[in-house]
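J.: Sequence:
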Amino acid sequence: MADKKSKSALKGCLGRLLRLVLFVSVLSTVALVAGLVAFAWLYDRHVVRNPGSHLERDNVRSIIAQESPVYFRDGTTRVGVFFEDEHRQFVTFDELPQPYVMGIVAAEDGAFWSHWGLNPKHIVRAMRDNFIAGRVVAGGSTLTQQTAKNLYYRPDRSLRSKWVELVNALRLEAHFDKEEILTFYVNQFHVSGNGRGLGIAARHFFDKEVEELEVVEAVFLAGLVKAPSHYDPFLGDQERRMRAVERADERTRYVLRRMIDEPIKNLVGPAPTEQEQVAYNARLMEAGRIRAEAQRLLDEGFELQFKRGVFRYDSSAVLDEVARRLGEAPFDEVLDEAGIDDPATAGLVVITTLDPDIQHAAIYGLWHHLTEVGSWMEGLNAKSYIREGRGPRFDPDRTPKNHQFRLAQVTNIASEPMKHLEVDLGGHGCTIDRDAIIRAGVAAIRGEKKNRTARAPTKYLDDFVDQFKVDDVIWVSVREVREDGAYCDLEVRPDLQGAVVVLEDGQIRGMVGGNDNRNFNRASALRQMGSTWKPLIYHAALQLGWSPADELDNARGVFPWSTTYYYPRPDHEPKPVVSMAWAGVNSENLASIWLLYHLTDRMSFELVAALAESMGLARQPDEEEDAYRHRIQIAGVLPLVRRVEEALFLKARKEVIDLDLVHEEDALSMASLLYGWGHNGESQRVARGDPRERATKKRALDNSWRRLSDLMVPCALQHQKLMEALEENRLSTGV
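If you count the sequence shown from 1, position 583 lands on 583 in the working numbering, and the numbers rise without skipping.
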């Protein structure tokens with residue numbers, strides 16, 4: 001009886017469980033069906049039927065052509081652009097080399113041809129790898145998602161923005177075929193300077209058209225789309241370039257291995273229709289040949305033959321500087337918060353502090369001057385002005401303007417009133433008049449004779465003009481445009497380089513990085529200042545009460561600061577005393593440093609007070625004395641006992657000089673007299689140092705008040721003994 005009850009209870013329990021499972025299954029099925037229906041409805045409504053105007057084909061093409069313009073501070077005049085239309089050589093899908101297509105799919109998204117925009121398997125795998133590593137080491141984005149991200153950058157990193165990005169990927173898949181999506185992707189990645197896309201990459205790295213690429217070159221370009229500068233062998237110093245070549249080799253090997261490991265059908269395109277089968281089979285055969293070549297390259301090794309090419313873009317040191325600044329704080333954080341990975345492709349509007357007039361004048365001033373100086377320094381002649389290549393492009397809408405640099409072609413060797421040249425600027429004439437000939441001819445004869453003051457006689461100038469022929473291509477600058485036409489100067493780019501930075505209120509108004517203002521920016525390059533600091537010292541001295549006629553100590557000396565001692569050396573045999581004007585003309589090291597050390601000697605009390613006020617070191621009207629002392633001590637002004645003694649000495653020294661209590665010829669020596677703190681210890685270091693400099697340094701150290709004051713008593717005793725000896729001698733001899 002009990003067994004029957006147990007069985008009955010068990011049966012009832014199983015029945016209820018079965019009904020529960022059935023209910024849950026039905027509910028899940030209904031929910032799944034409802035979810036699928038809802039997804040299908042949403043997909044149809046928001047992905048297929050109403051994707052948004054941003055998915056229109058023309059809009060996508062305009063986004064791909066989007067540029068990031070860089071403006072002068074007026075906000076209307078352009079410095080240049082990142083990625084203007086003509087800076088990209090658009091490549092259609094049919095023009096893509098098959099090794100490149102196979103490489104980019106193998107390296108970035110092996111399931112590209114078969115997925116519907118997302119790859120859940122890759123997403124799960126990336127989440128697993130990132131979780132294990134404890135950081136982001138892998139991404140699960142498909143090529144379609146990457147394309148959506150590049151086309152419609154995320155405003156932030158929120159879940160909503162990522163969801164919009166995912167939906168845009170689905171929309172791309174719904175409205176464009178795979179070939180178009182891949183075409184969008186390969187035409188928008190950043191290459192270098194203002195260039196982007198595969199066409200520019202082929203030209204930049206190998207100086208080739210896309211169709212001329214070898215298999216290994218196409219594979220390399222397929223692997224660099226996410227970080228081109230990482231593999232660029234033309235950037236930075238030699239060490240960085242060598243490392244870039246190593247990275248390029250490693251990355252190419254990785255892509256080659258992926259091309260071999262990935263199933264071949266994943267690499268050749270979408271599954272074919274019946275009409276496409278023949279073409280598909282041909283692609284399969286070609287893919288097999290390419291895989292065999294990939295295996296051979298891995299087995300036998302390879303060397304990427306980089307050759308930097310030139311493509312149409314107006315790169316400049318200024319644009320490079322803007323790009324560098326955008327990668328630094330605070331811009332990097334601002335851009336990151338806005339979801340912008342690459343500001344060059346984000347359609348930003350960048351406004352700089354540069355002034356268009358100042359920038360134009362700086363370029364003209366530097367390049368024009370380098371022509372003159374470089375010509376005589378390097379011994380350039382008339383033939384050096386003649387360029388190879390084509391003449392200027394016919395462009396009658398481009399009228400000559402003052403201080404433009406233009407390509408020109410000689411049209412006439414004129415003789416009246418004196419020999420000169422007439423040139424064409426591409427639809428506009430320009431006269432290289434006698435003044436321009438004299439300028440270039442004088443520079444040439446000075447280089448020829450190695451004489452900076454040589455003059456060019458008339459016959460030399462006429463012979464100089466005769467070196468040119470009609471149709472010669474030359475480079476000129478427009479000196480001025482008058483009512484009777486434009487007048488030009490001959491220009492040349494010598495090996496001599498230069499740079500200009502124009503500052504106003506701490507802001508850069510003009511920057512020129514060299515005689516072509518590209519690639520290497522000499523304006524921001526780190527280098528020794530050399531003697532360029534000296535005019536700054538003279539300028540400050542004139543403001544602080546010094547005169548160009550004032551005498552400066554130009555003898556070897558020592559200049560102590562805190563616990564350091566500086567012993568400057570001359571680069572020639574110096575005169576012991578020179579004027580400030582003479583020191584500037586001859587770039588005197590010793591006198592310039594002496595002036596720097598004594599820069600504030602001529603300041604009145606009022607000037608000292610004004611200087612302290614400007615530096616925030618003066619006592620404020622409502623500031624308590626203790627608070628003031630504390631504040632300036634924090635700033636580094638510490639009234640140490642020994643410094644107070646030294647200050648009293650310096651004050652007394654100034655009074656002695658100002659009151660003419662010393663002979664005029666001794667005033668400069670008195671001004672150079674040091675107080676002498678720490679000189680005993682420094683003397684011991686000098687005694688252990690270079691014996692060739694020992695005597696000079698010891699003599700400089702001995703010129704101090706503390707040492708002379710220590711000698712006062714012994715000197716007085718010796719003087720007394722000397723006088724006594726003289727007295728005794730006089731008395732004994734009866735003199």
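Some hints could be false.
Said to hold, decoys possible - Taking lysine-lysine pairs in the DSS-like style, the calculated list, with each CA pair at most 27 Å apart, reads: (1) K178 / K162; (2) K121 / K265; (3) K651 / K721; (4) K459 / K469; (5) K459 / K383; (6) K401 / K459; (7) K208 / K162; (8) K226 / K265; (9) K401 / K450; (10) K534 / K469; (11) K208 / K121; (12) K307 / K265; (13) K459 / K449; (14) K208 / K226.
Claimed, not checked - Each pair of labels, with its calculated beta carbon distance range: (15) L717 / Y566: 56 to 66 Å; (16) E388 / P576: 15 to 25 Å; (17) V585 / D658: 44 to 54 Å; (18) R527 / L650: 27 to 37 Å; (19) R160 / L638: 28 to 38 Å; (20) I386 / A111: 53 to 63 Å; (21) L18 / E337: 31 to 41 Å; (22) Y566 / L638: 40 to 50 Å; (23) T563 / P691: 19 to 29 Å; (24) R160 / R629: 21 to 31 Å; (25) R241 / G389: 39 to 49 Å; (26) E276 / Q238: 24 to 34 Å; (27) N281 / R398: 36 to 46 Å; (28) E388 / E337: 43 to 53 Å.
Hints listed in this document are in silico derivations from the structure and should not be mistaken for laboratory results. Just so you know, these numbers come straight off a predicted model, no measurement behind them. Glycine included, every Cβ here is placed at the ideal spot set by N, Cα and C.
J.: When the structure is checked against the list of hints, which entries are broken? Sort them ascending.
T.: Of the numbered hints, 3, 6, 7, 9, 10, 11, 12, 15, 16, 17, 19, 21, 22, 24, 25, 26, 27 do not hold.
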